[in-house]
Amino acid sequence: MKKYHAKIIAFYRKAKRMPSYGEIARLLGFKSKNAAYKLVVKMVEAGLVAKDSSGKIIPKRIFGETRVLGTVEAGFPSPAEEELIDTITLDEYLIKNKEATYMLKVSGDSMIDAGIKPGDIVLVERNKPPKNGDIVIAEVDGNWTMKYLRKSGRQITLAPGNKKFKPIVPEDELNIAAVVTAVVRKY
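Under our numbering, the first residue of the sequence shown carries the number 482, and numbering increases by one thereafter.
These aren't lab readings, by the way, just hints derived from the structure by calculation. Check each hint, because a few of them may be wrong.
Unchecked claim - Calculated cross-link-like contacts (lysine to any residue; reagent style SDA-like; alpha-carbon spacing at most 20 angstroms):
1) K519 <-> K495
2) K484 <-> L508
3) K598 <-> K609
Claimed, not checked - Pair ranges (Cβ atoms, derived):
4) K647 <-> N515: 56 to 64 angstroms
5) P610 <-> G510: 43 to 51 angstroms
6) R666 <-> N515: 39 to 47 angstroms
7) N578 <-> K667: 34 to 42 angstroms
8) L508 <-> K644: 49 to 57 angstroms
9) R666 <-> V522: 34 to 42 angstroms
Every residue, glycine too, gets a C-beta built ideally from N, C-alpha and C.
All chains, please: the whole structure from these sequences, using the hints.
Below, the structure is given as structure tokens:
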């Protein structure tokens, strides 16, 4: 099953999506979609992939587990020893609700003081109730933006994380599509 899983991961990384049952059958040399379906059932049971509410295959543990070898002091230097504390996947660490989570690539610098820079990837969760102070993805008067959600009584403001930008007060329409849950940056 691991070699099948590896081929499905390779497809996912190349196509940026999971294969359909028909594509799995062709990819793995099966004669029918039914054989692909049976394999996926076994892979779900083994925890290698999952299915969303509509039955589509979604990745799970795509990146594999990574060892957590200890902690590091970000303040004053201190002695540290390497010891295996745990193993986790990035999915387990960053994503709580896989079906509702997606990623967006950041452009613009209105959130740099929040630690979100152009080129970063933000993980966002749709349908998560936004709280005051959350960073949200919002549609304001027909345009999309990422800002802090500020509530004061009945007044809602979308505040930037950069003093060079002004807060946005929606005039007509405001739709909060998602809440930012994580930021990913490559160095």
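Query raised in the report: Broken hints, numbered, in rising order?
Result: 1, 3, 7
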